[in-house]
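Enquirer: Sequence:
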Amino acid sequence: MVYGLYSEGYRPGGVNRGRSTAPFYPDVYESDYLENTEIGLKTVLMDGNMQLNVTYFSMDWNNYQLEVVGSK
Numbered sequence: 004m005v006y007g008l009y010s011e012g013y014r015p016g017g018v019n020r021g022r023s024t025a026p027f028y029p030d031v032y033e034s035d036y037l038e039n040t041e042i043g044l045k046t047v048l049m050d051g052n053m054q055l056n057v058t059y060f061s062m063d064w065n066n067y068q069l070e071v072v073g074s075k
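Using the numbering used here, read the sequence shown as starting at 4 and increasing by one per residue.
The set of hints was computed from the structure by calculation and includes no laboratory data.
Keep in mind it's a predicted model, so treat the numbers as computed, not measured.
Beta carbons are placed, not taken as given, at the ideal position from N, Cα and C, and that holds for glycine.
Any given hint could be a false lead.
[Said to hold, decoys possible] Label pairs and their calculated CB-CB ranges:
hint, residue 1, residue 2, range
1, Glu11, Leu48, 32 to 42 angstroms
2, Leu8, Glu33, 18 to 28 angstroms
3, Gly17, Glu38, 13 to 23 angstroms
Construct all of the structure, not just a fragment, from the sequences and the given hints.
Expert: Printed below as a string of C-alpha cells:
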C-alpha cells in the first residue's frame with residue numbers, strides 16, 4: 004500500500020497574559036501556520052516473513068509560537 008497526506012494547520016495569535024517585564028516579551032503574538040506532507044509505503048515481502056513500512060514526512064512552520072521559560 005502506498006499512501007500520501009497533505010494538510011495545513013493554523014493557530015490564532017493572542018495576547019501574552021501575565022507577561023514578564025523582559026524587553027523581548029511582546030504584548031501580543033501572531034498566528035502561526037503549518038504545512039504537513041507525508042508519503043509512505045507498507046508492504047509484506049518474502050511470503051509474509053518480512054514486513055516493510057517506510058514513511059517520509061515534512062512539517063514546515065511559519066511564525067512558530069514558542070514559549071520561553073526562565074528561572075526567577
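Enquirer: Against each hint, give a clear statement of whether it holds in the structure.
Expert: Status of the hints after comparison with the structure:
no.	hint	result
1	Glu11 with Leu48: 32 to 42 angstroms	holds (35 angstroms)
2	Leu8 with Glu33: 18 to 28 angstroms	holds (26 angstroms)
3	Gly17 with Glu38: 13 to 23 angstroms	holds (22 angstroms)
The earlier numbered hints are all upheld by this structure, with none contradicted.
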